[in-house]
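Peer 1: Protein sequence lines, in the order shown, are assigned to chains L and Z. Just so we're aligned, residue 1 is where the first sequence starts under this note's numbering, counting upward by one. Just so we're aligned, residue 1 is where the second sequence starts under this note's numbering, counting upward by one.
Do not rely on the hints blindly, as some may be mistaken.
Cut-off 25 Å, straight-line C-alpha distance, at most; resulting in silico cross-link-like pairs (SDA-like, lysine to any residue) [what the hints assert, rightly or not]:
no.	chain 1	residue 1	chain 2	residue 2
1	Z	Lys70	L	Leu86
2	Z	Lys70	L	Leu162
3	L	Lys84	Z	Asp74
4	Z	Lys70	L	Ala188
5	Z	Lys70	L	Glu87
6	Z	Lys131	L	Thr161
7	Z	Lys187	Z	Gln65
8	L	Lys277	L	Val240
9	Z	Lys127	L	Phe157
10	L	Lys84	Z	Met53
11	Z	Lys187	Z	Thr29
12	Z	Lys127	L	Gln171
13	Z	Lys127	Z	Glu186
14	L	Lys118	L	His138
15	Z	Lys70	Z	Asp24
Here are the computed distance ranges between Cβ atoms for each label pair [unchecked claim]:
no.	chain 1	residue 1	chain 2	residue 2	range
16	Z	Gly92	L	Leu134	37 to 45 Å
17	Z	Pro16	L	His34	23 to 31 Å
18	L	Asn214	Z	Gly92	31 to 39 Å
19	L	Ala56	Z	Phe120	51 to 59 Å
20	L	Phe282	Z	Ala198	45 to 53 Å
Everything labelled a hint here was simulated from the structure, so no lab data went into it. Note that beta-carbon positions come from the ideal geometry of N, C-alpha and C, so glycine has one too.
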Amino acid sequence: MEFLLQQIASGLTSGAIYACVALGLVMIYVSTDHINFAQGEMAMFATYIAWALIQAGIPYWIAFGLTILIAFTGGLLIQRFILKPLEHAPVLALVVCFIALLSIFNAIAGMLWSYTVKQFPSPFPIGDPTGHGLISYHQIGVVAVTAIMLGVLTIFFRFTTLGLAMRAAAQNPASARLMGVRVSWMLALGWGLAAAIGSVAGMMVAPIVFLDPNMMTGILIYGFAGALVGGIGNPGGAVVGGFVVGVLENLVGTYLIGNELKLTFALIIVVGVLILKPAGLFGRVNVKRV
Amino acid sequence: MTNILEVKGLSAYYGPIRALFDIDFTIATGGVTALLGANGAGKTTTLRALCNMIRRTGTSVMAGQDISRKATEDIVRMGVAHVPEGRGTFAGLTVEENLRLAFHTRRDHAAARRDLELVFDYFPRLKERLKQQAGTLSGGEQQMLAISRALMLAPRLMLLDEPSFGLAPLVVQEIFRILRRINEHEKVSMLIVEQNAALALELADHVYLLETGRVVTSGPSSMVQNDETLRKAYLGY
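Just chain L, with the same shape it has in the complex:
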């Protein structure tokens, strides 16, 4: 029983990370209908920046805040200078662009900081509050940081006019323009937010998986599975989906298929959702008139 609870607790921790990644994917998907394959590498790159800041002697939480700010600006600039010129490009061109971003970030990280695995500090104390290894302070911290971030985002989107304008721009860009909303800037803000959310995921997961240029590859797939389970296009669903995938992955890995096949399990979820319930748990089916 204790072991089961332990597995669920660690599933919730990875679930929190997947939820962040899923949320980043959904943020861009709802406004552009595109899946940003570079979401994971952007998060990894931001985590390296955090690492460099901490190495330079900046206290953890200041480095944490700075990294979020830098990631936000980076995401915004990527939209402005790389994706905006491709506004009217066919989907495949964008897919190529996302994959290019992915490998560029990966290569630059490798070039600047080498491919050797690095330790990344956790801001939370070592050890566990229960005293018998049920859950560590870091795990609790990860879930708490995610919860705070989700709360802030919810408040932003529900109760500020800027958040409202972003939602309007995503839903009906033509009509949003007619209300005076600068739709293109709303997309850029969306990219900034997605990158910022990703950077938090990266900094939270790095103490567990260690920092290296490929650390987010698997996590992106789990995050994508989470987004699909929740119904891609539904931010709340993405978060729930992320947690569901995190817990399931851990339980299935521990009790059924072993840790080596866990990533395969994520891919099975992806294919399974697409075949059986493409709208996910909370999504709406997209009906297109032709």
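Keeping the supplied structure of chain L fixed, place chain Z upon it in accordance with the hints.
Peer 2: Below, chain Z without anything else, positioned relative to chain L:
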């Protein structure tokens, strides 16, 4: 009498296809001008071209300012409110959020709050539906919401694209009555596009007849109302 909008040599294109051919027209300040014509005459295209939603050439000057090359959202911010074809409802937002969107665009929030009260005076039914998803409103209510969103922008000029489309005759009458009141009380000039010519002629004081992207004739509404040949030839009644 001054003009709020002066348009010269307006042409518009959908890809390689030209849809408007050098049309000229003016809208009197405080007046209601109607653009009439058959399907495909270029009425909706004219409105879209004025807001730079499609590729266009020619000049449009609003209250002395050249708006020919401005972005759609800047034209809107200068006081041109476009009530689009199909109503442009944000279906997933609540009625209140649809209206509150104007607070993002406007700086004068105190005035915007007064305009919100004004909207409820004109359309009390929307006040009852504030928390409802806008997509679940009836067609008439969505049209009212579209006009209200435009009003929330405190416009000087309103472009109305077929406000009667798909609505029951009684609802249409109600909406046109309210449009008249808005024109008179809020001093909003209007350019209205309509299939329902008889209705539009009653509201408008000036009219332009379009055929395949060109202005055929123009004049006071009474001129068209009294000219049977013109009515039969272009308006079908």
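Peer 1: Does each hint fit the structure? Answer for all of them.
Peer 2: Hint check:
1. Lys70/Z - Leu86/L: holds, 21 Å
2. Lys70/Z - Leu162/L: Status holds; Cα separation ~23 Å.
3. Lys84/L - Asp74/Z: holds, 19 Å
4. Lys70/Z - Ala188/L: Given that 25 Å is the threshold and the Cα spacing comes to 20 Å, the pair holds.
5. Lys70/Z - Glu87/L: holds, 19 Å
6. Lys131/Z - Thr161/L: holds, 16 Å
7. Lys187/Z - Gln65/Z: holds, 19 Å
8. Lys277/L - Val240/L: holds, 16 Å
9. Lys127/Z - Phe157/L: This hinted pair holds, its Cα atoms lying about 23 Å apart.
10. Lys84/L - Met53/Z: With a Cα-Cα distance of about 18 Å, the restraint between Lys84/L and Met53/Z holds, given a limit of 25 Å.
11. Lys187/Z - Thr29/Z: Holds, because 8 Å separates the two Cα atoms, which is no more than 25 Å.
12. Lys127/Z - Gln171/L: Answer holds: Lys127/Z to Gln171/L is near 23 Å, not above 25 Å.
13. Lys127/Z - Glu186/Z: Status holds; Cα separation ~20 Å.
14. Lys118/L - His138/L: Satisfied, since the Cα-Cα distance of roughly 18 Å is no more than 25 Å.
15. Lys70/Z - Asp24/Z: With Cα atoms ~19 Å apart, Lys70/Z and Asp24/Z stay inside 25 Å; holds.
16. Gly92/Z - Leu134/L: 37 to 45 Å: holds, 41 Å
17. Pro16/Z - His34/L: 23 to 31 Å: holds, 28 Å
18. Asn214/L - Gly92/Z: 31 to 39 Å: Since the Cβ atoms of Asn214/L and Gly92/Z sit about 38 Å apart, the hinted range of 31 to 39 Å holds.
19. Ala56/L - Phe120/Z: 51 to 59 Å: For Ala56/L and Phe120/Z the Cβ distance comes to about 57 Å; the hint holds.
20. Phe282/L - Ala198/Z: 45 to 53 Å: holds, 48 Å
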